[in-house]
Amino acid sequence: MVTNATSLGRSGLFDWLVQRFSALVLLAWIAWVSIGVIAAAEFGYPQWRALFAAVPMQIFSLIAVLSLCAHAWVGVWTVTTDYLNEAHLGKAGTAIRLLTQIACLLLTLSCLIWGARIFWGSG
Amino acid sequence: MTGNRFVTQAFGEYTLAGFANCSAKNVKTARPVNLDLFSIKWPVTALVSIAHRISGVLLFLAMPLLLYLFELSLSSEAGFRRAGAMLASPMPRLVGWLLAVALLYHLIAGCRHLLMDMGFGETWRAGKAGAQAVIAISVLGAILAGMLLW
Ligand code: HEM
Ligand code: HEM
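Heads up: the sequence lines are chains F and U, in that order. Okay, so the first sequence: first residue is 1 according to this note's numbering, each after it adds one. Okay, so the second sequence: first residue is 124 according to this note's numbering, each after it adds one.
Check before you lean on any hint, since a few could be wrong.
[To be verified] Only some residues are given here: those of chain U computed to face chain F with a beta carbon under 7 Å:
no.: 1; residue: A185
no.: 2; residue: L190
no.: 3; residue: L192
no.: 4; residue: E194
no.: 5; residue: F203
no.: 6; residue: L210
no.: 7; residue: W220
no.: 8; residue: G233
no.: 9; residue: W247
Worth flagging that the hints you see were computed from the coordinates, not collected in a lab. Glycine residues also receive a C-beta, built at the ideal position from the N, C-alpha and C atoms.
Make the full structure from the sequences, and use the hints.
This is the structure we're talking about:
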């Protein structure tokens, strides 16, 4: 089996499954929030806040943030591995890819923590 | 693996041989490589596939902005109105529309991707019809989003 030190689960099949599962979670969360907004008779801050207030929704949102970051990391990893390599960029390819991946990972982790702060405790 | 699916989804099996020289690792260095980007055909399925990738990267870069808008709009009544007011000026509204379209597109093309992963519509004809459907639905969605924003 081919493994790669920078992929999320060190296995293509695992990463592939993570990206599918997280896509479904995101789809469900986006649909739920959209329906909540569209279905509201009148829409303003109280309704918007109430949408994220219940504890089950806080848990759902936290799972969505986690899914977003897993999905984003696997996705960006795939794209950077496809293009930022020695075949495309010559000798410096690997260094450029690893530096870019470190930057993307930091952004993803920051968003994970920030997102958790926003949606956890929005009651 | 993801890469190979990407190519298969975009071009169908029959062009995969043409991409054999894409993978440089196990290839003798003397083999010719097609370097002329404009000589590559872009069937609708390929456009839908690469646009899914571009929209994904765009959304990745926009994550901080989206989180900021969520934080602001959920923080207080005033923050909610400020987030709304922000989307009222022309440039931010354009950015908002572009991101909404990117998300909508990525989501619809993503659904097609998931369906094809499950084995639906993998023939060339069905793949092409699906790709055209993705474009049609996305254009409708983009117009609808524009009408909501302006
Ligand atoms: C803001 C949220 C999202 C971000 C930042 C994002 C980002 C990305 C990125 C960067 C990729 C990699 C593209 C590639 O490999 O070509 C990707 C792939 C994918 N996305 Fe998303 N995505 C988001 C939401 C969604 C949603 C809601 C769905 C639901 C349908 C979805 C479905 C998919 C699928 C199925 C793939 C795999 C494509 C492949 O294997 O080639 N994504 N996403
Ligand atoms: C429609 C245009 C193209 C698409 C969709 C495409 C897609 C891809 C994908 C998905 C991979 C990863 C394959 C895998 O690891 O399974 C790849 C690798 C590669 N591509 Fe392309 N490609 C395109 C055009 C080109 C062109 C024009 C060149 C030459 C300049 C090129 C050179 C390469 C090389 C050298 C690799 C190998 C990277 C490696 O395995 O280390 N590609 N391409």
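(message) Quick check on L190 (chain U) please, does its C-beta sit within 7 Å of some C-beta on chain F?
(response) holds (6 Å)
(message) Interface hint check: W247 (chain U), Cβ to nearest Cβ on chain F, cutoff 7 Å. Holds or violated?
(response) violated (23 Å)
(message) Quick check on E194 (chain U) please, does its C-beta sit within 7 Å of some C-beta on chain F?
(response) holds (5 Å)
(request) Classify the hint on F203 (chain U) as holds or violated, based on whether any CB of chain F lies nearer than 7 Å to its CB. (result) holds (4 Å)
(request) Tell me if G233 (chain U) is really an interface residue toward chain F, meaning its C-beta lies closer than 7 Å to one of theirs. (result) holds (6 Å)
(message) Just to be careful: measuring from the Cβ of L192 (chain U) to every Cβ in chain F, is the smallest value less than 7 Å?
(response) violated (10 Å)
(message) Does the closest beta carbon of chain F sit nearer than 7 Å to the beta carbon of W220 (chain U)?
(response) W220 (chain U) check fails; min Cβ-Cβ to chain F is 16 Å, beyond 7 Å.
(request) Verify the interface restraint on L210 (chain U): the C-beta must sit less than 7 Å from at least one C-beta of chain F. (result) Where the cut-off is 7 Å and the nearest Cβ of chain F is about 14 Å from L210 (chain U), the hint is violated.
(request) Against chain F, run the beta carbon of A185 (chain U) and see if the smallest gap drops under 7 Å. (result) violated (11 Å)
Violated hints, in rising order: 1, 3, 6, 7, 9; the structure is consistent with all others.
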